[in-house]
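S.K.: Using the hints, position chain B against chain A.
The listed protein sequences correspond, in order, to chains A and B.
The opening residue of the first sequence carries number 512 in the working numbering; numbering runs sequentially from there.
The opening residue of the second sequence carries number 2 in the working numbering; numbering runs sequentially from there.
Source of the hints: derived by calculation from the structure; they are not laboratory data.
Ranges between beta-carbon positions, derived for each pair:
1) 658/A <-> 14/B: 51 to 59 Å
2) 908/A <-> 14/B: 30 to 38 Å
3) 44/B <-> 650/A: 27 to 35 Å
Note that the coordinates shown come from a computational prediction; the quantities given were computed from them, not determined experimentally.
Virtual Cβ for every residue (Gly too), placed ideally from N, Cα, C.
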Amino acid sequence: MSMTDYRKDFPALHQEIQGHPLVYLDSAASAQAPSVVIDAVAEYQRCDHANVHRGVHTLSHRATEAFEGAREKVRSFINAAKSSEIIFTRGTTEAINLVAQSYLRPILKSGDQILITHLEHHSNIVPWQLVCELTGAELVVAPINDQGELKLDALYELMNDKVRLLAIGHVSNALGSINPIQDIIAEARKFNMAILVDGAQAVPHMSVDVQALDCDFYAFSGHKMFGPTGTGVLYGKHARLEAMPPWQGGGDMILEVSFTRTVYNDLPYKFEAGTPNISGAVGLGAAVDYITAIGAENIARYENQLLSYLSEQLATIDGLQLIGTAANKASVQSFVIDGIHPHDLGTILDHQGVAIRTGHHCAMPVMDFFAVPGTARASLALYNNRDDVDKLIAAIRIATELFAE
Amino acid sequence: MNEVEQAQEELVEEFSFFDNWMDRYQYLIDLGRRLPEFPDAARIDKNKLKGCQSQVWITAKKVNGRIQFQAISDAAIVSGLIAVLLRIYSGRRAEDIVNTPADFAAAIGLEQHLSPTRSNGLAAMLHAIKSFAAESLEE
Chain A
512 MSMTDYRKDF PALHQEIQGH PLVYLDSAAS AQAPSVVIDA VAEYQRCDHA
562 NVHRGVHTLS HRATEAFEGA REKVRSFINA AKSSEIIFTR GTTEAINLVA
612 QSYLRPILKS GDQILITHLE HHSNIVPWQL VCELTGAELV VAPINDQGEL
662 KLDALYELMN DKVRLLAIGH VSNALGSINP IQDIIAEARK FNMAILVDGA
712 QAVPHMSVDV QALDCDFYAF SGHKMFGPTG TGVLYGKHAR LEAMPPWQGG
762 GDMILEVSFT RTVYNDLPYK FEAGTPNISG AVGLGAAVDY ITAIGAENIA
812 RYENQLLSYL SEQLATIDGL QLIGTAANKA SVQSFVIDGI HPHDLGTILD
862 HQGVAIRTGH HCAMPVMDFF AVPGTARASL ALYNNRDDVD KLIAAIRIAT
912 ELFAE
Chain B
2 MNEVEQAQEE LVEEFSFFDN WMDRYQYLID LGRRLPEFPD AARIDKNKLK
52 GCQSQVWITA KKVNGRIQFQ AISDAAIVSG LIAVLLRIYS GRRAEDIVNT
102 PADFAAAIGL EQHLSPTRSN GLAAMLHAIK SFAAESLEE
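Isolated chain A (complex conformation):
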């Protein structure tokens, strides 16, 4: 099967927007779902739905099997050692907040440091600022260069024994830069810091092995990897998770409750208070199957070729400046065009059926670094092809004519 054949699996791509065939280039914000994911969610709702972990009846067993089956699929997908290391969350944001509040906040003292980078999404900045405000700890930011790559020497110089946690994106959402995460983790291991990787933009595009990476935590979202919204995963090393107190209290996260003493449930349930997003997890499991069947390496190879084509074609447009030109990139190209506000560009492209993201991409520090209020960002997934790129370029040319003085 050719890589370009997978497009037919995604029903949402086969529609017209304002009289033009949809060209969807906003998968870094949210990817479309293939029929197998949509059907798995519908099938669960139609036939197997009940609450998990409690009932003795057949549907509750089926729901529990579907939910725990999805956890096992996710475990295998990122090669975690145990399925109890897979915590289901609402998304990457909740996974990071869980680590901030449950792992970091109880041990953080004034004078401690949290190390992040200039590339981070707001979700990997603000949760740390919140715990810094509460504890007097300091947020330290590693710099980037003009290509949008981390300055590794500077990052390594910022590592020391005051750093309690390194929180770093695997792939930048605004620029697509892939950080050499394996090398960075090896360097961080020389000190006594925990390591969290924000993998939201990585998992749809490359294979991830959390044991090989040796990170303490790895967070990602379902909806960026063709799964349902409101699903996400926190991977944590068993010993780390075991030592952490629960974050949210409620049903399912307890073994025994009285007014004087409550005994918490085992991992992973200790961190999954309340009825979980069962149908979402089922959909996420189907998305994992879908990616696995195609092969993460095949996806990465195909998308790399397409990204090169996208960047080359964009560069042929007069007055267009590529933002983010790292040597090692995944699936994203940001750009600005002289005299055209990104918001105006997005509006004119929408009229031609082309969906891109415009604005600050929840990464205002990155925008500040490049001294732009925002960028236009085209992002790719395995269902895009050269025709999408050609239509984007043609639509941009019409926009540049429209805005010519």
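M.R.: Same frame as chain A, but now just chain B:
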């Protein structure tokens, strides 16, 4: 027919000459470029509308019982939409601003821009215009 309704009707007629979206946008962009200069001193946070992808600044003052608005955006299409709103609402009586529904948007093919779920600030600007007029009536 009050002045606001009359201005709306004129605009709808003007836009009816365009039979495709590109011409409509070209005209809108031109209207935006012809907006009167907005003083740098007024480009301050107090005058900035929240919740827009582009930046929008707006000021209002009451002169001889009529409300004068001034506004600008850093985005061209939004500036054009501002020009449309100012044509309709600036220099009108507060009660006409408050009491006349903004039903011109659909007629000129720009309703998507005025939807409150759009993050372009136009709905916020319309709200600001109407709120200022409503407050001036209470004084």
